[in-house]
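**Student:** Residue numbers (numbering that gives the first Met the number 0), protein chains in the order written: chain U, 0 to 184; chain H, 0 to 255.
If you're looking for bench data, these hints aren't it; they were derived computationally from the structure.
Even for Gly, the Cβ is constructed at its ideal location relative to N, Cα and C.
Possibly wrong hints are sitting among the right ones.
[To be verified] DEER-style ranges, computed between Cβ atoms: (1) U:Arg176 - H:Asp241: 18 to 26 Å; (2) H:Asp143 - U:Thr147: 29 to 37 Å; (3) U:Glu164 - H:Ala15: 56 to 64 Å; (4) H:Asp111 - U:Glu112: 30 to 38 Å; (5) H:Arg135 - U:Lys34: 42 to 50 Å; (6) H:Ile5 - U:Glu164: 26 to 34 Å; (7) U:Lys34 - H:Asp79: 45 to 53 Å; (8) U:Thr152 - H:Ser18: 39 to 47 Å; (9) H:Asp32 - U:Gly24: 25 to 33 Å; (10) U:Lys79 - H:Pro46: 41 to 49 Å.
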Amino acid sequence: MGKASRPRRGAKRARPAASGRRTIGAPTRPTTPAKTYTSKPVSVEFAGPSHRFQWADLEILGIDHSEASYEGRVFLNNPKADAKTPRTIDHGYAGSFYIFGHGGCFGDVGHCEVNGHRDAYDFRDSHPLVPTRARVPVTDTLRQLAKTSSEVTITVVPVVTGATELCNTTDVFRFERMRFLTYNP
Amino acid sequence: MADLRIRPGVHNMSSAEVSAFRDAYSQMMAITDNRSYGFFAGLHGVPGGFCKHSTQSAPAFLFLPWHRAYLYNFELAARDRVSSVTLPWWDWTLRPPRQDGIPKSFADRVVDGNKPNPLFSYRIDLANPPIHQSTRREPGPVDDLPTQAEVEDVLGNADWTDFTLALEGQLHNRVHGWTGGHMGVVAVAAFDPIFWSHHCMVDRLWWMWQVRNGNGNFPTDLLDTVLAPFNMRVRDVLSVNDLGYDYAAAQTVVPI
């Protein structure tokens, strides 16, 4: 897992909670673009003309959802894609996933730290910020690109839909790993 | 056996039904105890923190059951105010001229001349965390809402896990983000009055899936899981009919 992709649990600690905290403002839809992510090239020989598959998904695991909400637009072989890029196969658009973020840490220090040190006698619910996952069907775009390319890059353009002042609205898309999954007829 | 109450589509409500619905919300917003609008809204994110959303572990399976119990308890509290009320569902797939994104009954700022519309906004006043503001929305373009074809795709998942993750991730999360403002983040989403009708649509889609698939391969080891803070287990909420309601488009009683 690369440093850039490492989730930061409850990353932005707002201000010390205690009496005298100032009021937290209303959530907004930021206008400043968030940082896009582009993978290293990955072989798509598995999707080439000699390989049959019925459909293909891109699965993203370990997604942090502690802060802003966003649409993650997935583009293949289009590292320059941004929020204004048309969502069409011609531009490498494969699909979107949607993260409903918690909006940052509204609690005291440590409130949003995921507790990973639990034993067999701890029957409490798991922490609500255990990372989530997403699946994006990429069949058509992948099939199209695999006709002419042996490798593709994956670009995720996060378009933030909701955030509070407690959120990092630049480094939005944080995950642990991703993989293509293809299924045969 | 008592008749089932039918939860209506927002777009199909009569003006009298909308008035009764607004009256129930107004009354709940005017009180501050554990029957109030603020009490129920605060159970979801701040300050209660009881909601269940997707993760890579078991709570992913509790997203739908927990929110069904949540709506059920909220609806009963609303019916304690105005007994004829049932929660209406917001059909996000409708497009103009039938519906222009946010349904008009929720989008109008004022009603009956100059009275604030309780379906438009709610005033949050929390001491800890300190939040003192009225809810607002920043809806996106109407064409970015889910289409009927996309809903059918999600309903077409025969596997329970695939279905619940798709319903939550591809439809539910998307509409929260589309609505924006307070609906856009987990912590305060339930304070927006449209939250309940959004989730009513999610609950309806789950019921439609259940009508087609039964309970599928829902994990049986979760059936006795308690849906805190409600006095209900997962098995108690699997049938909406057992909870006294349905989403059928029409109910015609046949004389016998």
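**Student:** All hints, please: hold or fail.
**Tutor:** Quick rundown of the hints versus the structure:
1. U:Arg176 - H:Asp241: 18 to 26 Å: Distance hint for U:Arg176, H:Asp241 is violated at roughly 41 Å.
2. H:Asp143 - U:Thr147: 29 to 37 Å: Given about 31 Å between the Cβ atoms, the range holds.
3. U:Glu164 - H:Ala15: 56 to 64 Å: violated (42 Å)
4. H:Asp111 - U:Glu112: 30 to 38 Å: 49 Å Cβ-Cβ, so the 30 to 38 Å window is violated.
5. H:Arg135 - U:Lys34: 42 to 50 Å: violated (27 Å)
6. H:Ile5 - U:Glu164: 26 to 34 Å: Violated, at about 42 Å.
7. U:Lys34 - H:Asp79: 45 to 53 Å: holds (48 Å)
8. U:Thr152 - H:Ser18: 39 to 47 Å: violated (56 Å)
9. H:Asp32 - U:Gly24: 25 to 33 Å: holds (28 Å)
10. U:Lys79 - H:Pro46: 41 to 49 Å: With Cβ atoms ~44 Å apart, the hint holds.
Comparing the model with each numbered hint stated earlier shows that hints 1, 3, 4, 5, 6, 8 do not hold.
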